[in-house]
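A.B. asks: Sequence:
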Amino acid sequence: MNAPTWYPSASPFEIPHILHHMESAPQHPVFGHLLFPEGEHDSPLPCVVALHGSRGWGEHHHDHVANWLDAGFAVFRCHCFDSRQVDEIVVDQMMVTHAMMLTDAFCALTLLCDDERIDSQRIAISGWSLGGTVALYAAWEPIAESLAPNGERFAAHMPFYPAAHMRPDIQRWSNAPILVLQGAIDDWTPAHFV
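Per the working numbering: the sequence shown = residues 23 to 216.
Treat the hints with care, as some may be off.
As the list claims (entries may be wrong) - With beta-carbon atoms standing in for the labels, derived distance ranges: (1) P51 with W195: 13 to 21 Å; (2) Q193 with D64: 36 to 44 Å; (3) L201 with Q107: 28 to 36 Å.
Rather than coming from a laboratory, the hints here were simulated on the basis of the structure. For each residue, glycine too, the CB sits at the ideal point set by N, CA and C.
With these hints in hand, go ahead and build the complete structure from the sequences.
C.D. replies: Written out as structure tokens, the structure is:
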């Protein structure tokens with residue numbers, strides 16, 4: 023694996039902090055790994071910002087990452103937990119919140135938009151479970167406006183089994199495609215939450 027890419031982020035605790043108090047959120051450097059398809063490829067490349075679930079990065083994520091690379095996408099794997107010296111949050115979901123991960127994802131988007139190897143108009147976001155929650159709510163415009171005030175936006179959103187429990191009063195969502203992949207008999211993050 024290539025060397026980690028460190029970038030500045032922050033740790034707002036919950037969504038209202040993103041919307042109204044980002045200036046007081048603790049600053050926190052985080053890292054990710056930017057992966058490229060093997061062999062020769064044309065630049066700039068489309069990219070997927072990928073976010074793990076509550077157990078961190080696992081073997082079950084690697085097939086998806088490999089498939090994106092094989093399809094000609096770069097992949098930026100965010101390490102939201104490792105950056106904060108956390109292994110997993112299954113027992114304590116407050117150690118790293120989806121608000122923190124949303125901030126990490128948008129900071130990664132800003133970083134990638136400035137990378138000449140990446141097509142800034144074709145950066146998608148995907149994630150699993152908690153990371154899927156992030157991929158879904160990254161499409162909510164009030165969050166995007168707060169975390170990317172210069173207009174950077176994800177070109178597509180593909181959450182895998184997100185915990186879509188937040189029902190915002192303001193229904194302003196991205197016009198980018200959103201594909202939610204949810205198991206019909208999932209009882210941890212059931213489809214009726216979406």
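A.B. asks: State for each hint whether it applies.
C.D. replies: Hint check results:
Here the CB-CB span from P51 to W195 is close to 30 Å, at odds with the stated 13 to 21 Å. Between Q193 and D64 the Cβ separation comes to about 38 Å, which falls inside the hinted range of 36 to 44 Å. Judged by the Cβ atoms, the range 28 to 36 Å given for L201 and Q107 holds: they are separated by roughly 33 Å.
Checked against the numbered hints above, the structure violates only hint 1.
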